[in-house]
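K.L.:
Residue strings, one per chain:
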Amino acid sequence: MSQAEQEGSAFIVPEWMRWASDRKRLVLVGQRCRACGIAFFPKTARCKACYSAEVVEAEFGPEAELHSVTIDHTGTFLGRPHLVGQVRLDDGPFAQGFVDAGVDAEPAIGSRVDLVPFSVPALQGTGTLTTYAFRPKE
Amino acid sequence: MREVVVAGVGLTRFGQFADRTYIDHGVEAVVKAQADAGLGWSEIQRAYCGASGIGPFAGNRVGHELGLTGAPIVNLDNASASGNSAFHQAFLAVATEQCDVALAMGVGQLGRTMLNAAGSQAETRKYLAQAYGNAMTIFALAARRRMHEYGTSPEIFGRIAVKSKLYGALNPNSHIQRKYSLDEVMAARPIASPLTLPMCCPVGDGGAAAILTTRRVAERLGQLHPVRVTASLMKGEVFQQASAWSEGNTLAVAAREMYEMSGVGPSDLDVIQLHDATSSEELDYYERLGLCREGEADAMVLEGATGPGGRIPVNTDGGLTSRGHPLGPTGLAQVHEIVLQLRGDAGDRQVAGAKTGLVQQTGAGAVCFMHLLQR
Chain A
3 MSQAEQEGSA
13 FIVPEWMRWA
23 SDRKRLVLVG
33 QRCRACGIAF
43 FPKTARCKAC
53 YSAEVVEAEF
63 GPEAELHSVT
73 IDHTGTFLGR
83 PHLVGQVRLD
93 DGPFAQGFVD
103 AGVDAEPAIG
113 SRVDLVPFSV
123 PALQGTGTLT
133 TYAFRPKE
Chain B
3 MREVVVAGVG
13 LTRFGQFADR
23 TYIDHGVEAV
33 VKAQADAGLG
43 WSEIQRAYCG
53 ASGIGPFAGN
63 RVGHELGLTG
73 APIVNLDNAS
83 ASGNSAFHQA
93 FLAVATEQCD
103 VALAMGVGQL
113 GRTMLNAAGS
123 QAETRKYLAQ
133 AYGNAMTIFA
143 LAARRRMHEY
153 GTSPEIFGRI
163 AVKSKLYGAL
173 NPNSHIQRKY
183 SLDEVMAARP
193 IASPLTLPMC
203 CPVGDGGAAA
213 ILTTRRVAER
223 LGQLHPVRVT
233 ASLMKGEVFQ
243 QASAWSEGNT
253 LAVAAREMYE
263 MSGVGPSDLD
273 VIQLHDATSS
283 EELDYYERLG
293 LCREGEADAM
303 VLEGATGPGG
313 RIPVNTDGGL
323 TSRGHPLGPT
333 GLAQVHEIVL
343 QLRGDAGDRQ
353 VAGAKTGLVQ
363 QTGAGAVCFM
373 HLLQR
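Note that the protein sequences, when read in sequence, are chains A and B. Sequential numbering from 3 applies to the first sequence in this note's numbering. Sequential numbering from 3 applies to the second sequence in this note's numbering.
Among these hints, one or two may not hold up.
[As the list claims (entries may be wrong)] In silico lysine-lysine, DSS-like type, Cα no more than 30 Å apart, as pairs:
id: 1; chain 1: A; residue 1: LYS139; chain 2: A; residue 2: LYS45
id: 2; chain 1: A; residue 1: LYS45; chain 2: B; residue 2: LYS128
id: 3; chain 1: B; residue 1: LYS128; chain 2: B; residue 2: LYS237
id: 4; chain 1: B; residue 1: LYS237; chain 2: A; residue 2: LYS45
id: 5; chain 1: B; residue 1: LYS237; chain 2: B; residue 2: LYS357
id: 6; chain 1: A; residue 1: LYS26; chain 2: A; residue 2: LYS139
id: 7; chain 1: B; residue 1: LYS34; chain 2: B; residue 2: LYS181
id: 8; chain 1: B; residue 1: LYS237; chain 2: A; residue 2: LYS50
id: 9; chain 1: A; residue 1: LYS45; chain 2: A; residue 2: LYS26
id: 10; chain 1: B; residue 1: LYS128; chain 2: A; residue 2: LYS139
id: 11; chain 1: B; residue 1: LYS128; chain 2: A; residue 2: LYS26
id: 12; chain 1: B; residue 1: LYS128; chain 2: B; residue 2: LYS357
id: 13; chain 1: A; residue 1: LYS50; chain 2: B; residue 2: LYS357
id: 14; chain 1: B; residue 1: LYS181; chain 2: B; residue 2: LYS357
[As the list claims (entries may be wrong)] Which residues of chain B face chain A? A few of them, derived with a C-beta cut under 7 Å, are:
id: 15; residue: LEU130
id: 16; residue: HIS150
id: 17; residue: GLY153
id: 18; residue: SER195
Simulated from the structure, these hints should not be mistaken for laboratory data. All C-beta atoms, glycine included, are put in the ideal place defined by N, C-alpha and C.
Could you put the whole structure together from the sequences, leaning on the hints where they help?
P.N.:
See the structure below:
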């Protein structure tokens, strides 16, 4: 996806992600609890751990550690087998998403990945949509 | 709370049936449970129905076919654990003297993807954003993490699938009724690596029911040694950030509570029915239930400890991966199997001398049920 295409494509869940300062990668938007310090993604109405309402917005990324990875052979969304990953964001929360690599280039569990924009098929009444994906670091 | 016993159970064959509705399955299961108990429909004082994703008032639609007695029917949805929710509520109703005879039923008729469950485009966007189109990927991610941490080989998952298929082949109500060799399992169509098709539960339809009552009513029915519900426990998800796999943590907490509550420990169990949406999930739960120490479940599989003749047979009806998983009736199919085992009526699947059986079920990772049955 080119920079121009990325910026012309809406985020699929706008409250979950935004551009990183380098405008090539993304950060995920979650929360941190002022009462207990726990960080989580995505946002919830209260702190998941201590139920406090004293939660503030927090950004995670644009890097993470790959916690696990699998090939979704059913290709439900993309119409072809693709990688799905789970990452541990640097302050603790987990996130699941597409892995931006071919099924024959599966990154190692424990390796570092970048959070990058990733095109997904349009839904009814929408144009192309952008979500986050995990790209192995070069 | 007073003692609660299972007076009757009923089950339909699970599978995909284009010519039958979930109402047909529900009626068949309830009628079988009534016949097993020796009770008429009008003697059911209240009913609880577990169903997920098939529309509102499923229990009432079954009740309409059986007759309008005025007994209330409560509908419950807890995903995979919907039938267990019905059982738990029926147990509480009898135990707390709200009624003497309660029916727990479950019905299911399923679509095929997580997207079917998404109620709006906003919901669908969140599934798509997370690449969450194939429910098996969640289990596959946990399996791959286990392989990374413990060196578990995919063949361990395959061996559990072989065991499940063997039991399923012995169960006339099982969705899948054929044996597989390990080679066949490993070479089967991949679903989400390392999981192949036989390691994953099929999607299907079916119905199941159980009638719970007091010992006094059971004795009036001529049941002098009914299966009793020693404990029924429901546990919700507790926040933890150490692992991406919350299901196992919730189960471990529930198991500890169940053992403390009942005085029955893992070594006292004779037979277990647990939530095996995939063979890899079953492996993890051996450890979470305390059947072995952390990291030792692979050895249990290699020893054949959870198969026929093993020290603690698990999922003797084939489990979700063979008997099937239509959500609503799944938990009551588990109860059905444990009741047969404790009565000595499980035929070729019988665990010799089984006196204590455990049902465990997880609902969408957010709720865990345990039912301890004894005779």
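K.L.:
If a hint holds in the structure, say so; if it does not, say that too.
P.N.:
Verification of the hints:
1. Of the supplied pair hints, the one linking LYS139(A) and LYS45(A) holds, its CA atoms being roughly 27 Å apart against a limit of 30 Å.
2. Restraint check for LYS45(A) and LYS128(B): the C-alpha separation of about 13 Å stays at or below 30 Å, so the hint holds.
3. Between the alpha carbons of LYS128(B) and LYS237(B) the distance comes to roughly 26 Å, so the proposed pair stays at or under 30 Å and holds.
4. Using a Cα cut-off of 30 Å, the hinted pair LYS237(B) and LYS45(A) holds, with the two alpha carbons roughly 24 Å apart.
5. Taking the CA atoms of LYS237(B) and LYS357(B), the gap is about 25 Å. The hint holds against a cut of 30 Å.
6. As the CA atoms of LYS26(A) and LYS139(A) are separated by approximately 13 Å, the hinted pair is consistent with the 30 Å bound.
7. With a CA separation close to 28 Å, the supplied pair LYS34(B) and LYS181(B) stays within the 30 Å bound.
8. For the hint linking LYS237(B) to LYS50(A), the alpha-carbon distance of about 16 Å falls within 30 Å, and the restraint holds.
9. A hinted pair counts as satisfied when its Cα atoms are at most 30 Å apart, and LYS45(A) with LYS26(A) qualifies at roughly 23 Å.
10. For a cut-off of 30 Å, the pair hint linking LYS128(B) to LYS139(A) stands: about 25 Å separates their Cα positions.
11. Taken as a hint, the LYS128(B) and LYS26(A) pair is honoured in the structure, with Cα atoms around 22 Å apart against an allowance of 30 Å.
12. For the given pair, LYS128(B) sits about 46 Å from LYS357(B) by alpha-carbon distance, which is inconsistent with the 30 Å threshold.
13. For the suggested pair LYS50(A) and LYS357(B), the alpha carbons sit about 41 Å apart, so the restraint of at most 30 Å is broken.
14. Restraint check for LYS181(B) and LYS357(B): satisfied, since their Cα atoms lie roughly 28 Å apart, inside the 30 Å limit.
15. Interface restraint check for LEU130(B): the shortest CB-CB distance to chain A comes to about 6 Å, inside 7 Å, so the restraint holds.
16. For HIS150(B), the interface hint holds, the least distance from its beta-carbon to any beta-carbon of chain A being 5 Å, beneath 7 Å.
17. Because the closest C-beta pair between GLY153(B) and chain A is about 12 Å apart, greater than 7 Å, the hint is violated.
18. Look at SER195(B): its Cβ gets to within about 4 Å of chain A, closer than 7 Å, so that hint holds up.
Of the numbered hints stated above, those contradicted by the structure are hints 12, 13 and 17, listed in ascending order.
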